[in-house]
Amino acid sequence: MNVYYTFRGMKRALLLQFLLISGMSVWAQVSVTGKITDEKQVGLPGVTVAVKGTQIATTTNAEGLFNIQVPGKKSVLVISSIGYLSREMPIAENGVMNISLAPDSKGLGEIVIIGYGSQVRKAMTGAVQTISEKDVKDIPVSQITQKLQGRLAGVQINQTTGKPGQGMSVRIRGQLSVSAGSDPLYVIDGFPITGNISNLNPDEIENLSVLKDAASTSLYGSRAANGVVLITTRQAKRGQTTASLNVYGGVQHLPMHGRIKMMNAEEFAEFKKEYYEDAGQAVPVEFQNPASYRNKNNDWYDALIRKAPLSSYNLTLTSNTEKTSTSIVAGYLNQQGVVLNNAYSRYSLRMNNTVNISDKVRVGFNIAPQYIEDNTPLTDGDRGTGVLFNALHTWPVMPIRDSTGQLTLYNKFPASTNNIFNYPNWVRAAKEIVNKNKQTNLIGNAFISYTPIKGLNLRSTLNAEYNGRKFFFFSPSTATNFINVPVPTTARSYRIEGTGITWLNENLATYTRSFGDHNFELLGGYTNQKFHGEYTVISANTYTDDRLSTVQGAVNLDRNGTYSDVQEWALTSQLARLTYNYQGKYLATVAFRRDGSSRFGANKRYGSFPSASLGWVVSDENFFQKIAKSTKISFAKLRSSYGVIGNNNIGNYTPYALVNIGGSGLNSVFGNTIATGAAVTSLQNRVLSWETTKQFDFGVDLALFDDRIQFTYDYYVKHTSNLLYGVQVPQESGFSNYTDNIGEIKFWGHEFAVTSRNLQGRLKWTTTANISFNRNVVVSLADGIDRVYGGDGLHITQVGKPFGQFYGLVADGLYKNQSDLDKSPKIPGRSTVGSIKLLDKNGDGVITYGGDKDDRVITGSPFPKFTYGIVNNFQLGNWDLSITGSGSSGNSLLVRHLYSTANLDGVFNLVEEVKYRWRSEANPGKGFYGTTVGGGNVTGIERDWPNSRFIADASYFSIRNITLGYNVNVKSKVFKSARLYASVQQVYTFTKYWGGPNPETSAQGDGNGPGDNLDQGIDLSNYPVPRSYTLGVNINF
Amino acid sequence: MKYRIILTILAAGCGLSGCHKFLDIQPQTSLTSETFFKTQGDFEQAVNATYNPLREIYNNQIFYTTEMHSDNAYYYRNPQFGATDGQENLADFAITVSNNVMTNGHVTQQYRDYYVIISRCNQVLSTIDAVDFDATVKNNLKGQALFMRAFSYFALERYFGSVPLHLTPVLTRQQAALPLSSPDSILLQVESDALAASKLLPNKAAQEPGRATSGAAKTLLADSYMEHHKWSDAEPVLKEVVSSNDYSLIPDYKNVFSGTTDNKNNAESVFEVQFLQGSDGLNGSLIYNMLPMPLSAAEIEPIVQVSNPQDLSGEGNNAPTPDLIAAYETGDKRKAATIGYVFSSGSANTNKTYPYCLKYAKPHAIWANTGNNVPAYRYAEVLLMLAEVLNEQGKGGEAIPYIDLVRTRAGLVGTAASSQTDLRAAILQERRVELAFECKRWFDLVRSNTFLTVITDYGNRIKADPEAYYYPPGAVPPNNAFSVVTARYPLPADEGSLSPYF
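These protein sequence lines map, in sequence, to chains A and B. Just so we're aligned, residue 139 is where the first sequence starts under the working numbering, counting upward by one. Just so we're aligned, residue 94 is where the second sequence starts under the working numbering, counting upward by one.
Keep in mind that the hints were calculated from the coordinates and are not lab data. Ideal Cβ positions, reconstructed from N, Cα and C, are used throughout, including at glycine. Just to be clear, a hint being listed does not mean it is correct.
Claimed, not checked - Residues from chain B shown here face chain A by an in silico Cβ test under 7 Å; the list is partial:
1. S219
2. T220
3. N296
4. K297
5. D373
6. G374
7. S378
8. N382
9. Q486
10. G490
11. F575
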């Protein structure tokens, strides 16, 4: 006869912990009044006062007073407020109740959102970490994941590129897969969304739970292996009507610290001069007098960089009355990028509404529309495509602007200077090429909740997500992002229009019951989810006029670049969970999910994902009470879990042998007539299934010194098997690979998190810190396959070794002189005095790259030995200060851009360090870069044979954010409270990393993403992460 | 017990059969092997796709692996430019071989491309009989698939000798690799397929231009017989081609080669690889790989005649050797139609005027986008094949008129050779100049078993005078040049690492 799903599932959990047997109520209205105070007897506003087992509730006013009508004299009041321990009191005979609440210093009464429900922290058995909006407010970034850097144990968050709104890589417990996706599953208000959360307005978030172990994630079944991030958006607090405005603005800039130092014009001309002199050749006239380039440097990189403003406005309105609750968050963010012509703006709105139709029925309706517009130049990517990389290796003697001040079109020196490439003007590329993206997103949820009898809740939800994307690319005849294209060039355009629609229906029943000290909660339900996405790409080229970029303005429609695609998937699931505790001391949970997925072979559609977990609050035991004083341990809990979860990110149609029709890979021509071709383009695998991860977790939660120090430790070990992998097959079959479930990776790790209230007096100082050690090893691969190379052959994955290690030759300085050359192993026909010396690892006397006599070995790891984070908060009077830092240790990056920026054959500009190359026995330089003599035959080794010399330690500690706040203590009729703050984001990075400005980087060759799992840790000199300075104000009305 | 009923309804959920439909999602952008291969149109498209990989092979690779791998063509050395080992090693016979496999990327890619054709043919041939449609159309389609399979296996045998023989589609991972079959058994399969194709295919007049014909199948069949030294088997087959009157020599040699859109599949063409200029991705760019580098836009403009000529940098390929140029007799009209000259102002060489191959230098509209076809078999070769077949059987007198047909067209007098040995040499020489840059020379040297002496002498000439072979002053061939002169390529190492059989 009761509904308890009134308050984000909060009461349900409270019930679980404190449930008392209450008899049948007598239906007679009784009025109860009173005052709720804190431990110092000061009235507490906004405290929830609810009648246990009913929907009836109210909140205290500003003085802490309340008045509530209860249905009978035997009713029990539940009094709860965040930050205080909840209490339950039978109503007093006289109807007057003055109750004081004790602060909840351990956070044990904290409600934690878990999959399909919530739990009080004390009763949890899984490994879950939570972040509340309060913890990360005032950090002026556009993405919530940027705010989370350094705050989560076991979660590595790297910002691989500084593009606004992009580039965050989130890996929970080091999870990896060979070819399936590794991003966690994001669940917003119970709705597993299809993408990531980069566009979500951080101000809409109330709290966030990261589910790490299998017991916590198993209810997400075939999608849970990469971990789950649950996000709860803002809800109105009962009885409160609030309005607040949060505005900040600032500027971003790119510090010189860490930038790649390239030669300036004079240095470059000097290099060129020496290049010819060393080779005994005539110096071209252009470089005979390097001093003539003094003060005529053209810093192409700097020309692309600017200071950029950043501003954000958020208005939050909440209202909660007895029958309805509404919260509205309206936001606008405008972030210009530090690269020219880069801008990101976001308009967002979220409205969450609930209505109590009766004591038994409650409905809710949430809607969150969003419009995002960005223009992001093609900054990142391999040599020849990304303009930042291109700018680095463009000759600094080439003018950015001509004598009239106009941007040059392209530059080329005479062939006699060994200028083999045209260098288009990259400033034009950034400014003139359009890369406009417009997204319209909408998430909507509706639910109905019904409580037919006491303890039973039935809830049905309908969720829908719509993503609409329009992308427009136009490269006019005057600009290109490709190297070696003369300008004017062919104008090109493409347009992408795509939509994705997901809907999800969930039907859940929850039954909560207690028998004496035995407390149960049983959850059961089924869900159906379906996705339909489609997109069309239209490509055209050869425009008659750059001002007319319409499709009809083009002379040619590019048939190969014009196509459409449809993608669909469906998932149907049943789930169940039983949670039990005895006296809140012995805890147990078993959970089960069964998923049916359209993505798998007809014979492998269904999978089962069970889990079990146990917990023991040791400190509740009598024997412990005796030692609590002497050990200073005020709380201790042990927990352990085991479960099976899956990863279904394998593409929608992988089991099928696809027949493709048309396109340049299949069509033929006869005479001058095109004949459409069709062929089977992949091998079928009807028994293809998801990847399976079996995870064990053991955790300890401790509180020490009267809860001043709280400590959590987790150990996990997981085995991911059935790895989805395109097993290479001999191409005599007509195919290159066969997608199969094969192999196994073992992951294990230790996570420590601590919160310490160092000072509690007038100056308050709190430190929270975490450190995580994640490891992995490849246990097995496909039969007959002992290694998998990364896409560019720069990485290797081998059985018995960690995943995706850097692979290459080992550098051993240079051949110092003829006798050194004579007595050392060499590359036949290529090694000379002064050229790079590599180690003959297999001892056959010859240095070989690839093939059967390969001398390559593992040269480093992109994975850190440990990652850590530390947050310090200080408060003194109205002032507060927070400092957030995070770091990583023991990981390396491959400084890949050096294959261009230190290319000794003299066709590109070079890093300054090349000045100290080997020039002669008398002038051997620093021994790092070798001789330029011998042309590509000699210098090509340094460039083309990846070796340990370009592996750099990328350990770092970064001060992410410093925020200083001041709470304005002025009583005003206009506002209740106000807060001013100043913040610096990306303050400083301490690192020995020498390869570029961002030790967190990881790049895909095409610049579209952080690199595949097999190819982590490549530094292609991506968009740098800027520092930003902001001022903000937060006003509550 | 109202709630029990509700729970029952909830629990029933989606366990019922309706969910199977919910989960049964077929791809909408692609068909699958179960939904395709059902109609005549499906098979027409599947056969069209068998020709597709030929474009990749004939646009560059085959010139590296055959013509530059002979004494006809070398590379235009540009020492400032790296990453050209792949081509250079083929031209100077220095490919890396270990454990009887090799790593050259061009050879590997060609191996794979031929097997893509074979796999597509096998898919057609294994399913077409089960589908009922017009018998004439079906025969034509089967004939084309058999021809393409035979064409591919013939090439594989000539490149590698023993290779895996796939005749049915691969359906499982285990079927992907097969043991090697001997050169004899590969050639027998080629002959069986080509013979069947010659009976199923229409003649040139009845076939859509550019597709395989009965004449092409017979020429391929005879070529395989010749490779097999089955001279007497080849003779009647070639005579059928000659007497069919489907083909004739084009009077002026320089008009033999296809233009960008015109003169394709002409009277002399037996089988040629088809290209289409434009943005459909069916274009070629061969001429851009047949020029010395660097070349300025002004220097290249007369050759390609596009409206927006651009500079070319890097290292050029397919340089006609001085040996080839010297092989033309005085008065041979074919020399001027085959060899052109271009000046490279950016060259580091003393002599900045270079020869280049003219056969594929056709005016076209779009930079690096050509539409001219590349011949695989043409009638002049059929005549020389027939001459060779006759001479090898001791019928030299019968062979001479066929040689002279070719010579006369070139503006030369009849051959002076008469003994079998002299005629053998004369036919080899005639093939060299008639079919220069048509990817025949290397296989001729192997078939005639002269490759070792010819290439060794040729290598010695290059080492003795690198500048004559387009090396800039001071540059020399690598020290392992001309160290690996073998009749067949070793199999690709990348394939060997995946196959248990080699």
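What are the numbers of the hints the structure violates, in ascending order?
Numbers 1, 2, 3, 4, 7, 8, 9, 10, 11, in rising order.
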